[in-house]
Amino acid sequence: PCLVLASLLFAAQPICAQARSKGKTIAQTPRAPKPRQDSGATAPVMSDKRVALVIGNGAYHESPLKNPPNDARAVTRSLRDCGFQVETLVDATLPQMEAALRQFGQRLRAGGVGLFYYAGQGMQVKGVNYLIPVGANIAEEDEVRFKALDANQVLAKMESAGNGFNMLILDACRYDPFGRAWRRGGPEGL
Numbered sequence: 001p002c003l004v005l006a007s008l009l010f011a012a013q014p015i016c017a018q019a020r021s022k023g024k025t026i027a028q029t030p031r032a033p034k035p036r037q038d039s040g041a042t043a044p045v046m047s048d049k050r051v052a053l054v055i056g057n058g059a060y061h062e063s064p065l066k067n068p069p070n071d072a073r074a075v076t077r078s079l080r081d082c083g084f085q086v087e088t089l090v091d092a093t094l095p096q097m098e099a100a101l102r103q104f105g106q107r108l109r110a111g112g113v114g115l116f117y118y119a120g121q122g123m124q125v126k127g128v129n130y131l132i133p134v135g136a137n138i139a140e141e142d143e144v145r146f147k148a149l150d151a152n153q154v155l156a157k158m159e160s161a162g163n164g165f166n167m168l169i170l171d172a173c174r175y176d177p178f179g180r181a182w183r184r185g186g187p188e189g190l
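According to our numbering, the residues represented by the sequence shown are 1 to 190, in order.
Think of the hints as simulated: they come from the structure by calculation, not from any bench.
One thing to keep in mind: the hints can contain errors.
Below, a list of computed lysine-lysine pairs in the BS3-like style, where the Cα atoms sit at most 30 Å apart [unchecked claim]: (1) K66 / K126; (2) K126 / K147; (3) K147 / K66.
Label pairs and their calculated CB-CB ranges [what the hints assert, rightly or not]: (4) E141 / G162: 17 to 25 Å; (5) D142 / P95: 15 to 23 Å; (6) E141 / Q85: 34 to 42 Å.
Just so it is clear, the structure is predicted and the values come from calculations on it, not from any experiment.
Beta carbons: idealized from backbone N, C-alpha and C, even for Gly.
All chains should be built: construct the whole structure from the sequences, respecting the hints.
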């Protein structure tokens, strides 16, 4: 999955560079024809406003990860090359993630294309996927929903914005950084 993600993001880079080298910005690309009214969906076009929230968490106390901060910076560069307005968080706490998500939702309301990218620790508890912030002190299973970001919050923010097109990319490590006994077998989610 990580190779597919990297391929998709970095494959767009030459397209963006080609457009710049011809003296065009992505925003100057002509609009595609509007979809037929009976389709019910609005297709994104290259001239739409693009906003992204990129989070790369790696500085976990119990199980640090080297790649997520680097991945977040690389994804940020690629998205900016493709005309996205990007907010990037590296090694974010839960309050920082929640505040950035709120601002992201507000920016999405202006329309266009939205993209959320997360790299870091993730886990599933009782069928719900969570993105683990740096500094999370989770001792018991029932604490996860209060000390981690529910991935459904991201989806809800995107849906409530009412813009034309959104993407959610999770590059989450399913390894249990807490090594808790309450993480017994079963599907790990994400």
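Results of checking the hints against the structure:
With a CA separation close to 28 Å, the supplied pair K66 and K126 stays within the 30 Å bound. Proposed proximity of K126 and K147 is supported: the alpha carbons are some 15 Å apart, at most 30 Å. A hinted pair counts as satisfied when its Cα atoms are at most 30 Å apart, and K147 with K66 qualifies at roughly 22 Å. In this structure, E141 and G162 break the distance hint of 17 to 25 Å, their C-beta atoms being roughly 35 Å apart.
Judged by the Cβ atoms, the range 15 to 23 Å given for D142 and P95 holds: they are separated by roughly 20 Å. At about 38 Å, the beta-carbon gap between E141 and Q85 stays in the expected band of 34 to 42 Å.
In this structure, the one hint that does not hold is number 4.
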